[in-house]
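Engineer: Modelling step: build the complete structure from the supplied sequences, incorporating the hints.
Straight run, no breaks: the sequence shown in numbering that gives the first Met the number 0 ends on number 136.
It is possible that some hints are incorrect.
[What the hints assert, rightly or not] Computed cross-link-like contacts, DSS-like style, restricted to lysine-lysine with a CA-CA straight-line distance of at most 25 Å:
1. Lys58 with Lys74
2. Lys37 with Lys58
3. Lys16 with Lys34
4. Lys117 with Lys70
5. Lys34 with Lys58
6. Lys31 with Lys70
7. Lys16 with Lys31
8. Lys74 with Lys37
Honestly, the hints are just simulated from the structure, not real lab data.
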Amino acid sequence: MPVVYLGLGSNLGDREKNIRDAVELLNNSGVKILKLSKIIETNPVGGPPQDLFLNAAVKAETALLPQELLKTCLKVEADLGRMRTVLNGPRTIDIDILLYDDCTINTPELVIPHPRMKERDFVMRPLREIVPDIIIR
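Structural biologist: In structure tokens, the structure reads:
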């Protein structure tokens, strides 16, 4: 079964609960969570002025194909109240597909590996915690 890595972030409402609820919903939607990093507090990057984020990363297995995984992540975001009204604005939950096995995908809807993950400490710190020897091409 493919191994995937997801980044999670929240800066609205009960941020920690939002992340934990997202993990539970993913786990109940065909994304078997194997490992969850510590949840860290980080500054927002880009977008309008907004509150601090909580961020985490998960390692998971899934039989879902990449596009199906994206749909599942978007559904979990919607189920937890994510509204896309302001580009890079505050959000109850954000779920990014960071890596999907060794796949490289570049479509208008989905880019894997996540294009800016290596330059974002809020992604790399939790990711390196759960997979210290990760190599990103």
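Engineer: Taking each numbered hint in turn, which are not upheld by the structure, reported in ascending numerical order?
Structural biologist: Failing hints: none at all.
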